[in-house]
Amino acid sequence: MRGDDKKDKSAGYQRVVLKNASPYHYMKVCLVLEDESTKLSAVELKQFIITGLKTLYGEVGAALNFDLLKYDEDTRTAFLRVCSRGLVKLWSSLTLLGFYQNQACAFRVLQVSPFLLALTGNSRELQLD
Amino acid sequence: MVRVKSRYLLCEVNVSDRSLLLLLDDRAIAAAVKSVVARIHGDYGAALCSIRFSVKYLNAHTGIVFLRFPKRCYKLLWSALPFITSVESRGQNIPCFLNCLHVGGTIRTCQKFLVRYNTQQLHRMLPKCKNEEERQEVRKAILNCSLTRQNKETFQDETESEEDEEE
Amino acid sequence: MSVFMDLNLSYTTDKNRLQSVIETAAHLGFSTVAINYGFEPTAKKKQEIPTPKPINELIDQLPIVQGRSRPIRVLNRLTVVMSDSSHFRPNAAEYRSFDLLAVQPTTEKLFHSACMLLDIDIICISVTEKLPFFFKRAPVNGAVDRGVVFELCYSAAIRDSTMRRYTIANALSLMESCKGKNVILSSAAEKALELRGPYDITNLGLLFGLSDAEAKEAISSTCRSVLLHAETRKTASGIIYTTKTCSDSTCQQEAPARSELCEAPAAKRPHLAE
Amino acid sequence: MSVDLDQTPRSILVWERSSFLDEKNRINSEVEQLHFNYKVSVLLPECSSTPPHLESVLTSFSRFYLVRNLPLHKLLDKEFLETAVYQGSVYGLSYRTRIDEDNCVALMPNGRLVLSLDKDSFQVLGFEGKPSTFGNRTKNRFVVTIDLTDSSMAPGGRGYLRLLTGLTSRLSLQMDFLLSHHPGGGASLQPLLSHCDWSEHTPEISTQSLTHLSCPEPQSCDPHSFLEWLGAVHTDVSSLSENSSSNFLSSLVCPEPKTTLSQALRVSICGLLLPQDVHHLVQELRCYLERSRLECWTSLTVHGFVDSPVSWGDREHGVLRGGENFYTLLMFHDHTYHIHLATGAHDTCPP
Chain W
1 MRGDDKKDKS AGYQRVVLKN ASPYHYMKVC LVLEDESTKL SAVELKQFII
51 TGLKTLYGEV GAALNFDLLK YDEDTRTAFL RVCSRGLVKL WSSLTLLGFY
101 QNQACAFRVL QVSPFLLALT GNSRELQLD
Chain F
1001 MVRVKSRYLL CEVNVSDRSL LLLLDDRAIA AAVKSVVARI HGDYGAALCS
1051 IRFSVKYLNA HTGIVFLRFP KRCYKLLWSA LPFITSVESR GQNIPCFLNC
1101 LHVGGTIRTC QKFLVRYNTQ QLHRMLPKCK NEEERQEVRK AILNCSLTRQ
1151 NKETFQDETE SEEDEEE
Chain Z
2001 MSVFMDLNLS YTTDKNRLQS VIETAAHLGF STVAINYGFE PTAKKKQEIP
2051 TPKPINELID QLPIVQGRSR PIRVLNRLTV VMSDSSHFRP NAAEYRSFDL
2101 LAVQPTTEKL FHSACMLLDI DIICISVTEK LPFFFKRAPV NGAVDRGVVF
2151 ELCYSAAIRD STMRRYTIAN ALSLMESCKG KNVILSSAAE KALELRGPYD
2201 ITNLGLLFGL SDAEAKEAIS STCRSVLLHA ETRKTASGII YTTKTCSDST
2251 CQQEAPARSE LCEAPAAKRP HLAE
Chain A
3001 MSVDLDQTPR SILVWERSSF LDEKNRINSE VEQLHFNYKV SVLLPECSST
3051 PPHLESVLTS FSRFYLVRNL PLHKLLDKEF LETAVYQGSV YGLSYRTRID
3101 EDNCVALMPN GRLVLSLDKD SFQVLGFEGK PSTFGNRTKN RFVVTIDLTD
3151 SSMAPGGRGY LRLLTGLTSR LSLQMDFLLS HHPGGGASLQ PLLSHCDWSE
3201 HTPEISTQSL THLSCPEPQS CDPHSFLEWL GAVHTDVSSL SENSSSNFLS
3251 SLVCPEPKTT LSQALRVSIC GLLLPQDVHH LVQELRCYLE RSRLECWTSL
3301 TVHGFVDSPV SWGDREHGVL RGGENFYTLL MFHDHTYHIH LATGAHDTCP
3351 P
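Residue numbers (this note's numbering), protein chains in the order written: chain W, 1 to 129; chain F, 1001 to 1167; chain Z, 2001 to 2274; chain A, 3001 to 3351.
Simulated from the structure, these hints should not be mistaken for laboratory data.
We put the CB at the ideal spot given by N, CA and C, even for glycine.
Covered stretches of chain Z, going by a simulated chain A footprint (3 or more residues, C-beta under 8 Å):
id: 1; segment: 2063-2076
id: 2; segment: 2200-2208
id: 3; segment: 2212-2219
Whole structure, please, built from the sequences with the hints as guidance.
Below, the structure is given as structure tokens:
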């Protein structure tokens, strides 16, 4: 999936077009719980997501690798990294997770991108008043 | 009218004690497949496995099973089959594993394959025969291997599978 | 693409809960929602068709859609669960007070008539049980031609693992027949936490056998067609529209939509067979 | 229809290497063609406080104006055209509208007005346009491009009157609008602003200093890994500094070979930013690199608006799941640079 557009070594100029080559996708998610006071550590969150993967995609799903890059315990907002092939699986299992320890919960997926940098500059977050 | 496409998996049930094979029935195999798919591929796999999945044919003597899966997800479902370690049938737990021999688009191609496969098996058995009588019987069986003539009991599976109409 | 819609929020008598559902929907970015009144007639006793509560009684101030400067639009919808053909009474005056009309057929025969004959907007696909019938190509195509859409609800899939299997399996069987056309995805949420964001639903659509673009259409453009279809149901071929002189509070922000109906494109004209 | 869950929507990353000293370098056009910039972030390795020159460039970024409920036909106002559009460049972008749902409008510095309309609005407007390239099967979105500097669009012209009647009597579009003008600023926009409810905004600057950062070798690092690392720095991912790949939570590590930066400075600025200002910033960063004694580098990331109807030049832009359009410029001491241009699914290949 790698296409070299043009290469001009002599002038020190080089251009490479990489299509669909991003090895990972990044997600910014926020967990909403019925009881807002519940504390959830990073390890618990990751375990919880793995259970979600396991119910929806079984043992194969539970083996899906993803990383919890950053987690803020107060807002329960996390940055996840998952290999591009596993994005749909991870995302759908987050969507279908409805209960955390018998209380209703919901994952709000705030942004998804093949570039981690894109998560730092989302113009939809611009608040002017 | 568009044909609904399926894939037929021709599998062999391998058990340590062949007498246990007789305990098997369609429903037991189907339940085993469903539960292993649910374990390996979760709810999503279980959902896929509930559409048009069926055990088309089972020969309890030879341990041959025909499984039908929808064409677009057969690979996913197939990938769970190696994880079957036992089949629960008639209150008994039969340790076994499924060995997939052939994947075909119609029952007929699977059947053709099965005939060829069985012929090969007979050829392999031939040198192992203990007396002349057995040898003769195996030779006769090999000669009878063809799709048009299904008279031998050994190939009972074929006669039955032809009764299933193809979709 | 048009705005995101969720055409099925379950009605509850608990006003606070309904308010929080609508607020969450607005927060997630849905611009239009419909409150669904279920109606399940039984053979034994005659039941009243529910009447929709006016929106301003349910919620004092409509919340602003996230990231936008307009308030959410709230509609009413009636879903009739049909187990007998007499359960749907065409021309019933009670139906007229609803913006959208849906049926949930429980047998193949009723499914056929819902697709081909009944003057409705939405056919609900049951997701809480194994399908009692197969989706035949002919009625499904008929429904697609008439502009009637099929609805899949996802909140049952969040509640329970068995339901999730039924939801995915029934959705996939439906997609086999309708090829992703005329499908809408909605929540049927009873609680705010059963709602999911529009992009989440788009992704969920992939599990139901839709493509990326089809899944996004299922919560936007197809829903828009449903609204247009519903409008034409109330009019004569979408050309003449009569209205009683009562102010229609639900249409406040889509004022242009009204005038433009008269010049609706041919494809969006009603397919009133009768 | 398929059950293939492995696929993800398309994404494109263009990686380019060149030198500022090369006359044929395209950096200026690449910077200037991304018209609507939302955020610029700069990473200065081995730097503890904002250099004064840089600070002054950042504070001199043009102000922009938010106009509430701007009736779109006001953009065709004769006075506005004469004082703003024909004189210099106007940057205008609809605000609080989403490109995949609503009608979005952009006024580009070359005097082109781009309307990305849904089907209903397009049909009501009755002006020539073409279906969006991203609509595949169903044509639900249409793009109308109007060159306001064209003779037929001069006030009183045929096209002008048609568009004006379309926007006044048939489709009365009203939306919040972000506006900026180069070089006139607010003064040139006065004819428009005087009729409306507006507010002035200055781009927001924020600065963070970072310490003990593992850092890859920017010259040789593979583009995706480098962008990932840069993203991790900008999102404050802590596991980067721990750097243990066996961690249960995250296996993200800094690409090898790596060095450790004792300190670094991250400066970002947010708002409707003009390419001209970004260009200044690039020049200033080059001067900064020249002044610094070390074998040093610096990076600049510019994010475009997600809901802009155009990305680079007048290439159409849309949102499937995320409308990322950004570039990262990596500048080195010896005047060479690397630029990474990235777009999402509903976008064409960057220039």
